[in-house]
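So the protein lines, in turn, are chains A and B. For my numbering, add 29 to where a residue sits in the first sequence, where the first one is 1. For my numbering, add 29 to where a residue sits in the second sequence, where the first one is 1.
Don't read these hints as lab results, they were simulated from the structure. It is possible that some hints are incorrect.
Copies of the same chain are indistinguishable here, so a pair counts whether it falls within one copy or spans any two.
Unchecked claim - Here are the simulated SDA-like pairs of lysine to any residue, each with C-alpha atoms no more than 25 Å apart in a straight line:
id, residue 1, residue 2
1, Lys205, Arg177
2, Lys35, Val64
3, Lys79, Leu136
4, Lys104, Asn49
5, Lys205, Arg148
6, Lys205, Glu176
7, Lys35, Glu178
8, Lys205, Glu174
9, Lys104, Val171
10, Lys79, Ile139
11, Lys37, Ile67
12, Lys41, Ala137
13, Lys41, Ser133
14, Lys37, Ser77
15, Lys205, Ala144
There are 2 protein chains.
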Amino acid sequence: MAGKVKTKDRIKAAALGLFNNEGEREVSAVDIANVIGISPGNLHYHYSGKGLIIEALFAEFETEIRQVLSAPVNKPLAVEDNWIFLYIVFEEIWDFRFFYGNMSSILARIPDLAAPFSRILALKQRTFDTLLARLEGDGHLVFREGEREALSERLAMHFTYWLQYNALRAPTASPKSIINHGVYSALMQVTPYWGDNAQSYAALLSEFLDAQG
Amino acid sequence: MAGKVKTKDRIKAAALGLFNNEGEREVSAVDIANVIGISPGNLHYHYSGKGLIIEALFAEFETEIRQVLSAPVNKPLAVEDNWIFLYIVFEEIWDFRFFYGNMSSILARIPDLAAPFSRILALKQRTFDTLLARLEGDGHLVFREGEREALSERLAMHFTYWLQYNALRAPTASPKSIINHGVYSALMQVTPYWGDNAQSYAALLSEFLDAQG
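For reference, chain A alone in the conformation it holds in the complex:
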């Protein structure tokens, strides 16, 4: 039984690497079996189709992103940890980029993933709203009616489509610059709401820009 679990883990790890780096579309179950040196029959015994491997990878992603998104809800972040948090969310998404880069196609083939993915988006939006509400409560940010909710939704959408948008607009950008630009663009959505007590928040953005220099 331990051996079986191990093979499943090896299949998932190999599939994730191939999907992310070569494109999920280009990779067959046989390719995955070849990479880890097992027979296609053995792979089929563990996962009877590429779709099931994708579902297993999605389940792992869901567990991880839920942990990441719940952390600052359960335990408030220091102001200066907010931008680190944005990096962590982006890095989770980056690790699962084959899905984010091609989600409409994958969701059309595996419709059962649409509901859990939609719930992840809702959680992402709630987490951002919690963070923004705390910054508002502490006087760092000031919102007119409806603006905080709109910003939370926009940030959730920003994180969801940033990789697809960049694949079109900056197809030769490095992973580091894609993630940096994505975090910068998220932070720039928050700057117009700075209140009088936003010095520490402004220092964050300045620190961020210096680090890019």
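Given chain A, put chain B in place with the hints provided.
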């Protein structure tokens, strides 16, 4: 020759309707031929594959969206026409929604569309930047350094992924509410930059909300 052109137009119109309403994935060339009552061989004579029909539809979309996006660059909008303009852009996108809802899959199958689509996104961003720069020049909007460019990019991205995002988050929403919510969400990205001279702009949003009520 006139007859041939007419058949091509009928094929495109039928394909666009089927793709938009039933999903491009679900529709074959034979389905399209059936709808307009021609033989699959006749359709094949005009377009030797579904991909070529998609390319022809894309070319029409490109012509139309370029006209729409260039109009306010060539001839400045009155302040109160800015939100009407957002509706017009969204309605163009809505007319071509089979592509917007599934673009990563279509671009993977027809890679030649990626470069022209990326240029449309760049034009969209430039148009929004032109509109925002005029509103800034007239004192309606006030931007800190970098904010106007970031907002232009964000609006271009917002329009590009709004349909996909809504398909996940609000799968049962009506077309009217999807477009209204998309325009509202775009306007809400601009409100935090209102300057002292923004009364007319604030009136726009209020008029918009009243119209939804």
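Results of checking the hints against the structure:
For the homomeric pair Lys205 and Arg177, the shortest alpha-carbon distance between copies (24 Å) is at most 25 Å, but the shortest distance inside one copy (29 Å) is not. With identical chains, the CA atoms of Lys35 and Val64 are at most 25 Å apart within one copy only, with a shortest distance of 15 Å there and 52 Å across copies. For the homomeric pair Lys79 and Leu136, the shortest alpha-carbon distances inside one copy (14 Å) and between copies (22 Å) are both at most 25 Å. Taking the shortest alpha-carbon separations for Lys104 and Asn49, neither the intra-copy value of 32 Å nor the inter-copy value of 45 Å comes in at or below 25 Å.
Proximity of Lys205 to Arg148 under the C-alpha cut-off of 25 Å is restricted to the inter-copy arrangement: shortest distance 24 Å between copies versus 28 Å within a copy. Taking identical chains as interchangeable, the C-alpha atoms of Lys205 and Glu176 lie at most 25 Å apart only when they sit on different chains, with a minimum of 22 Å there against 30 Å within one chain. With identical chains, the CA atoms of Lys35 and Glu178 are never at most 25 Å apart, being 44 Å at best within one copy and 49 Å at best between copies. Taking identical chains as interchangeable, the C-alpha atoms of Lys205 and Glu174 lie at most 25 Å apart only when they sit on different chains, with a minimum of 24 Å there against 36 Å within one chain.
In this assembly of identical chains, the alpha carbons of Lys104 and Val171 lie at most 25 Å apart only when taken from the same copy (22 Å versus 36 Å across copies). For a Cα distance limit of 25 Å, the shortest separation of Lys79 from Ile139 qualifies both inside one copy, at 11 Å, and across copies, at 23 Å. Only within a single protomer do Lys37 and Ile67 lie at most 25 Å apart by alpha-carbon distance; the minimum there is 11 Å, versus 51 Å between protomers. For the homomeric pair Lys41 and Ala137, the shortest alpha-carbon distances inside one copy (21 Å) and between copies (24 Å) are both at most 25 Å.
Taking the shortest Cα distances, Lys41 and Ser133 sit within 25 Å of each other both inside one copy (21 Å) and across copies (23 Å). With identical chains, the CA atoms of Lys37 and Ser77 are at most 25 Å apart within one copy only, with a shortest distance of 12 Å there and 43 Å across copies. In this homomeric assembly, Lys205 and Ala144 come within 25 Å of each other (Cα to Cα) only across copies, at 23 Å, whereas the closest approach inside a single copy is 31 Å.
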